[in-house]
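**Student:** The letter at position 81 of the sequence shown is residue 100 when you use my numbering, and the numbering goes up by one with no holes.
Rather than coming from a laboratory, the hints here were simulated on the basis of the structure.
You may find that some hints are simply not true.
Each pair of labels, with its calculated beta carbon distance range [as the list claims (entries may be wrong)]: (1) P273 - L490: 22 to 28 Å; (2) Y46 - P273: 18 to 24 Å; (3) K81 - N143: 50 to 56 Å; (4) T165 - K306: 53 to 59 Å; (5) I371 - D271: 36 to 42 Å; (6) F432 - K412: 29 to 35 Å; (7) D271 - K115: 41 to 47 Å; (8) A160 - S261: 39 to 45 Å; (9) M172 - F432: 15 to 21 Å.
A quick note: this is a predicted structure, and the numbers were derived from the prediction, not measured.
Yeah, the Cβ is synthetic: ideal placement off N, Cα and C, and Gly gets one too.
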Amino acid sequence: MVSGVFIFLFLVKCSSAVIYRINESEYDRFPPLYGLDDYEACMLDPDAVYCVGDYDLYSDEKSELMSLLQKYSDYTLKHFNHTQIHRGVCVTKTCKHFMNKQTVNKTEDLESTLAACLNESVWNDYQLQVKLNKIQYCKRAGEKQTVDISDAMMAIVCLVIIALNVIGSCYDSTFWKKEDKGNPYLLSFSVRKNWSKLIAPSERGTDPRLDRLKLFNGLRTITMICVFFSHATLIMSYSYISNPLFVEKAYDDPLKQLLYNGSLVTHSFFVMSAFLLAYNLQIHSEKHVITWKHFPRGVLLRWLRLTPMYALMLGTISTVMRHMGDGPLWQLVVTSESAACRQYWWAHVLYINNYIYDDAWCTPQTWYLASDTQMFGLCLLLCVMMKTPRSRKIMLTVLFVYSLLVVAAHTYFQNLDAVVLQKPESFRSVYAYDATFRLLYARGHTNLSTYTLGLAGGFLTYYLQTEKKDLKNYKNYRWAFWLLFPMGVAVILSGGIFYIDGVTLPTIVTVLYATLYKPIFQILVVAFIIGCILKFDTVYRGIVEWRGFTWCGRVSYITFFVHTLFQRACLGLQTTPYHMSEYNISMLLLATTAGSFIVAAILWVLIEAPINGITKIFMQPQTTKPPSTQSTQQNGQL
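Take the sequences, apply the hints, and build the full model.
**Tutor:** The following block contains the structure:
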């Protein structure tokens, strides 16, 4: 009976109009998904026109190949849309037989020329027809990006920053020799002092509890490298690749499933941010009365700490990056982001870009900053309101239950996926049209469960330290702590159930998974943090508390912006479709990691450290916290 059911299901699957897999010899019959004419050779012609566009395949007659393309492309979960091809065409060379004198000047003539040109070439090779879907852009020989007022303003800002650092450094080294005296504003721009702060170890402050927070440097650095890896593969798939089959076959590789549901790791930043908020607030309350003024002060301090570097990166993307390179894909990969940031910069400065649906192209990764800032403001307000342990327990319970119900309601009533499914075509649009990403994954109120767990972890750790709870009595259960990592990997791999061919899970399963998978994973992260702070284990703790992570953790906020600039520039400069492989992905990851941390260290010394110093002068003129505490708090929000 059971075998009969399996045979029936197999026959139904085989008879489906959707093709799940195809052998490589059949795949080789497909027209290449991407193609680029020689850009450099094309631009040698003074009248050259190079256009990048999308073309739809079709056939007026019955075509076995067209039918195969349609059935294969219908499986959007794991396959690209092979009924649409993407080409970079040197119009003046490849299509010269279809041109007339007006072609290079009139858009209508250019469109008809490209359609006729590609139609002939595809028909000759594949007996299929094409029609132009959209011209992304055209580049003419000698055409340069114009320098406008925003470029000039950005240049002035950079010159001012350099001048301030030169003046501050000269004042520090030449005119002022005594420590802790002199003009604090000028000394904030001392490169020598800021470099010393960057490479300084995590010093032991007046409160030994704060010294235990050094694990966050390692945890933040490791998590950021995971983000680099995820974005490296995303940017590759966003550009033109020579072997799209590599992406389509990756779904059947168990190891690569870590990547497809690895977005869980990013949410660990929410836990770290909330943990530090709750923990530092408790310590602050030992010597200060928590009043309503702490709410606007805390929000303003966070805005002043995050926004200057954020604004500088937005300005760099909007202006400098447009002029930094050239190539057939530069406008697609780099300039398109510049245009989006010019339009939606205000939403980023206000930290509401994750609720602006059309703003999907300007620094897509900054959905996290907006979401985290929104939850920080809400939870800081609640913590100020709820001052007793009992009221905070009630607050955390209500907040957690509410957050679960919100996710369940969104998933059910808006018919969303349980996770952001990493579909090939979603890579090409950077999730701009993915409803699950825009409505569930990136919003602040739908991530409250993980932030609430971080708050609970901070309050619990403070309580255990205050009550001097000794975990030595539980050392026999260290094996459970060691299992946290494999359990986390198991939770990530569990997302693979949504990539099983031909299986549609019941709605109740989708809703439950969407509601619970992030809290379950972040509970493991909270347990890991608490165990390391209370020295329950020496293996994991020794890794995350490694001295080398100290400066990396301090600059992690800047690497969050810088790494995508490296990746986009690398892919935007390609003149041929990029070949995806494990080796090339690893090389891009290594280059991104090294380049991002080096540049971030320089920017930290020249910009972030001075800004933090000036903010401290304005907001905390009589602070008693040691330098190591300040460093931990400055990086606590990412």
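**Student:** Run every hint past the structure and note whether it holds.
**Tutor:** Hints, verified against the model:
1. P273 - L490: 22 to 28 Å: violated (35 Å)
2. Y46 - P273: 18 to 24 Å: Holds - the Cβ-Cβ distance for Y46 and P273, about 22 Å, lies within 18 to 24 Å.
3. K81 - N143: 50 to 56 Å: violated (19 Å)
4. T165 - K306: 53 to 59 Å: 56 Å Cβ-Cβ, so the 53 to 59 Å window holds.
5. I371 - D271: 36 to 42 Å: With Cβ atoms ~40 Å apart, the hint holds.
6. F432 - K412: 29 to 35 Å: Holds, since F432 and K412 (Cβ atoms, about 30 Å apart) stay within the stated range.
7. D271 - K115: 41 to 47 Å: holds (44 Å)
8. A160 - S261: 39 to 45 Å: violated (26 Å)
9. M172 - F432: 15 to 21 Å: violated (45 Å)
In this structure, the hints that do not hold are numbers 1, 3, 8 and 9, in rising order.
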